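Protein chains: 2
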Amino acid sequence: MNLAFRNVWAITVNDGFDVLRHAAVVTEGDRITYVGPDEDLVLPEGKEFRVIDGKDRNLVMPGLVNGHTHLPLGMLRGSADDLPLQRWLDELIFPGEAKHTPETLMTGALLALAELTRYGVTCFNDMYMSVRTNARAVEQSGQRALLTNVQIGVDPHHYDYLRENIETAEEYAGHPRIRIGFGPHAEYTEAHHSLNDSLEAALRFHAPLHIHVSETRKEHEECKARHNGMTPTQYLESIGYFQTKVLMAHCVWIEECDMDIIQKYDATVLHNPCSNMKLASGFAPLPRMLERGLNVALATDSSSSNNNLDLWEEMRAAALIHKANTLDATAVNARQALTLATRGGAEALGFTDTGCLVPGKKADLVMVDITGPSWHPMTDIVHHVVYAGSAHDVVMTVADGEVLYDHGVYTRLDVEKITAEADRLYRDVFA
Amino acid sequence: MNLAFRNVWAITVNDGFDVLRHAAVVTEGDRITYVGPDEDLVLPEGKEFRVIDGKDRNLVMPGLVNGHTHLPLGMLRGSADDLPLQRWLDELIFPGEAKHTPETLMTGALLALAELTRYGVTCFNDMYMSVRTNARAVEQSGQRALLTNVQIGVDPHHYDYLRENIETAEEYAGHPRIRIGFGPHAEYTEAHHSLNDSLEAALRFHAPLHIHVSETRKEHEECKARHNGMTPTQYLESIGYFQTKVLMAHCVWIEECDMDIIQKYDATVLHNPCSNMKLASGFAPLPRMLERGLNVALATDSSSSNNNLDLWEEMRAAALIHKANTLDATAVNARQALTLATRGGAEALGFTDTGCLVPGKKADLVMVDITGPSWHPMTDIVHHVVYAGSAHDVVMTVADGEVLYDHGVYTRLDVEKITAEADRLYRDVFA
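These protein sequence lines are chains X and D, in that order.
Quick note on this note's numbering: the first sequence kicks off at 1 and runs consecutively.
Quick note on this note's numbering: the second sequence kicks off at 1 and runs consecutively.
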């Protein structure tokens with residue numbers, strides 16, 4: 001269905017970062033075809049449009065982009081909090097994950113996709129066991145996504161996972177919304193051969209690699225001890241990783257020499273402020289990354305280390321925590337935070353055809369109700385998005401031209417059933 | 001109207017921090033009269049109750065307590081962000097505040113109260129010019145509050161503000177919901193005589209003092225330079241401040257010697273994690289305060305330095321930022337964060353009759369819709385409140401036994417009118 005949003009506010013996140021009032025935004029098929037003054041809009045004849053009257057009380061902006069998720073890990077949400085990363089992984093997450101069944105993987109994926117839909121995320125980047133299950137779930141939910149299996153070299157099922165990832169890459173080649181990459185977990189959980197297997201597969205498919213890098217100080221320092229002083233980023237460079245696009249999750253402890261490499265090869269940092277806090281990993285050097293002009297996407301990580309998939313909270317966190325950590329109130333301003341969560345993130349993930357409201361781009365957008373008291377007085381709507389608004393103000397989520405969420409109604413997902421299933425499966429399988 | 005919440009989840013924040021399922025919570029008049037198993041409930045005969053069926057899909061918990069606000073300052077929300085505290089104050093806030101009119105003060109207060117109502121805050125502590133206007137607004141909105149004027153000794157209107165505060169204290173003596181304290185702004189904006197005027201007035205009314213303390217490093221160090229090495233807290237002790245209850249906002253840069261004083265006199269710290277980040281003030285030593293057993297309330301500060309009055313975000317921030325800042329994932333756990341936001345905050349402010357679901361306590365509570373995907377699977381509901389839920393999940397706010405917000409409807413405030421007025425007044429007066 002073609003859509004015409006009329007008499008709305010619009011934040012375009014275009015080159016000029018235009019903010020419009022009394023605007024119209026029109027989509028035809030999977031593309032944006034008009035962004036401009038409402039009064040200048042002439043809808044093409046002979047085509048049907050659903051016209052949504054924003055009544056000057058709604059904002060249209062690009063759909064949000066979540067740079068790093070592990071969809072089904074949300075099946076363990078809330079079961080293990082306030083613990084250090086290593087205990088959290090060793091005592092709860094790894095044993096918990098070993099209990100996954102095809103049913104818990106699918107339900108966990110759908111539960112996560114319901115959250116992403118609700119909170120206005122139209123594009124994301126995931127790594128988890130069973131990329132095929134995730135791909136099926138995303139076919140159902142409607143988002144745009146880059147998906148990978150997680151490879152753990154020390155895992156006896158390493159080759160099974162790799163085979164599944166390769167088969168899924170073949171199956172989804174040319175899919176309009178779903179791209180398949182490869183996901184070696186991290187330097188510290190891999191062996192040289194398994195890192196190399198992922199790289200070979202990625203090169204064969206011209207696909208990106210998605211990997212955890214320097215999430216904790218321990219990981220960063222132990223890598224240096226293992227590899228003659230090489231940081232995880234330097235080690236990955238030494239084995240040829242940057243021959244393809246590398247999406248590097250966390251980068252909390254990266255150094256200037258690592259940023260040199262990231263910049264040289266046009267790699268991407270996936271910044272997870274809330275997860276990095278919750279697991280006490282630390283504060284990533286985001287202000288320095290932005291100063292250097294690195295590609296950065298904003299992300300939630302899984303809802304077991306967050307504990308939700310609300311990218312609005314990450315925007316707000318990204319704009320707040322670095323101010324306190326550097327004692328500089330100008331660090332990461334509102335426009336930068338919103339850019340990271342939309343266009344910047346999309347480009348950093350390689351989705352160059354989404355992330356902004358520009359005719360010709362993909363019709364990935366959200367409509368936000370701005371009548372709540374936190375949106376007033378209406379001073380600077382971009383500041384309000386980042387510092388005052390909420391993901392819960394999203395009233396419509398549109399991906400690839402299709403409405404996925406509409407004023408409380410999920411058009412593709414049966415959320416009541418999904419949440420009930422998640423509760424039942426948690427009790428039966430994990431508790 | 002007496003209320004009976006049936007078949008709900010309940011987080012009591014009582015001594016045992018009981019979490020109940022299939023519970024009932026009953027209020028009669030301004031008091032809680034029953035918290036326990038739904039099946040054991042026998043409603044007293046001859047009394048009328050509004051029965052709310054929670055359907056096992058709603059949570060009842062104590063109303064939230066916001067320890068430090070400046071209600072009408074929200075009239076400048078979003079107009080000046082990403083600036084250092086001193087520039088923010090000198091270039092925008094102080095000149096902006098000088099433009100306030102009786103109408104902007106009242107509209108700003110009502111706007112803030114609409115936010116507090118929406119987000120489940122039933123009790124708070126405010127300091128701003130025109131305590132009388134704020135008191136009138138709180139009479140209208142229905143919360144429980146401690147209110148003070150802000151005294152600025154260098155201000156030529158100092159005595160006018162003091163007189164208004166004294167008159168308001170006389171007027172509201174014995175009010176069931178509104179208490180009046182005194183609000184010297186801070187050591188660095190006061191003179192000795194004006195600090196003393198506030199103290200004398202507080203002693204005369206057996207009222208607390210509400211003051212900003214060690215918000216920035218600059219303030220803390222300059223005080224030491226001015227006063228023979230005495231910190232703001234030590235200076236306040238030296239002039240006799242702790243003869244009454246002192247509510248100390250921020251305390252970002254306090255030292256062990258300051259905590260000794262706070263502990264000795266049973267004073268209270270008002271912790272504003274988001275505001276302290278936004279203005280780049282830093283991270284207050286909350287884990288150490290909790291370790292020492294200090295009284296701490298959680299707070300938003302004004303919506304010009306936050307930029308909303310969402311105490312759920314402060315809970316989450318308090319539970320997250322200190323983990324990253326200390327690299328200790330056990331710092332400020334979910335139960336501690338929820339306690340700070342409810343019972344702990346209430347007691348810290350001197351409202352000892354609210355903050356928990358216990359028969360005999362004031363009927364200040366919220367009902368929360370837990371059907372959203374972020375609340376599932378249902379593993380640990382306290383973890384979900386702090387790490388996954390949202391203020392926007394609040395569906396009912398009840399203060400003093402009266403429903404203030406009910407599934408989208410504000411029973412006492414005309415929010416549409418208030419937000420329109422705020423927009424108009426911002427354009428006419430401040431822009």
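Treat the hints as calculated values from the structure; they're not laboratory data.
Note that the structure is a prediction, hence the values are computed from the model and not measured.
Hints may be right or wrong, so weigh each one.
Chain copies aren't distinguished; within one or between two, either way the pair holds.
List time: in silico DMTMM-like cross-link candidates among lysine to aspartate or glutamate, alpha-carbon distance up to 20 angstroms [to be verified]:
#: 1; residue 1: Lys218; residue 2: Asp369
#: 2; residue 1: Lys55; residue 2: Glu421
#: 3; residue 1: Lys224; residue 2: Asp155
#: 4; residue 1: Lys218; residue 2: Asp328
#: 5; residue 1: Lys417; residue 2: Asp369
#: 6; residue 1: Lys55; residue 2: Asp423
#: 7; residue 1: Lys224; residue 2: Glu103
#: 8; residue 1: Lys417; residue 2: Asp56
Against the structure, the hints:
In this homomeric assembly, Lys218 and Asp369 never come within 20 angstroms of each other (Cα to Cα): the closest approach is 44 angstroms inside a single copy and 40 angstroms across copies. For the homomeric pair Lys55 and Glu421, the shortest alpha-carbon distance between copies (17 angstroms) is at most 20 angstroms, but the shortest distance inside one copy (38 angstroms) is not. For the identical chains of this complex, Lys224 and Asp155 are neighbours neither inside a copy (23 angstroms) nor across copies (59 angstroms), given an alpha-carbon limit of 20 angstroms. With identical chains, the CA atoms of Lys218 and Asp328 are at most 20 angstroms apart between copies only, with a shortest distance of 13 angstroms across copies and 27 angstroms within one.
When the C-alpha separation of Lys417 and Asp369 is checked against a cutoff of 20 angstroms, the pair qualifies only between copies, where the shortest distance is 17 angstroms, while the shortest distance within a copy is 27 angstroms. For the homomeric pair Lys55 and Asp423, the shortest alpha-carbon distance between copies (16 angstroms) is at most 20 angstroms, but the shortest distance inside one copy (39 angstroms) is not. In the homo-oligomer, the alpha carbons of Lys224 and Glu103 never lie at most 20 angstroms apart, since the shortest distance is 40 angstroms inside one protomer and 63 angstroms across protomers. For the homomeric pair Lys417 and Asp56, the shortest alpha-carbon distance between copies (15 angstroms) is at most 20 angstroms, but the shortest distance inside one copy (35 angstroms) is not.
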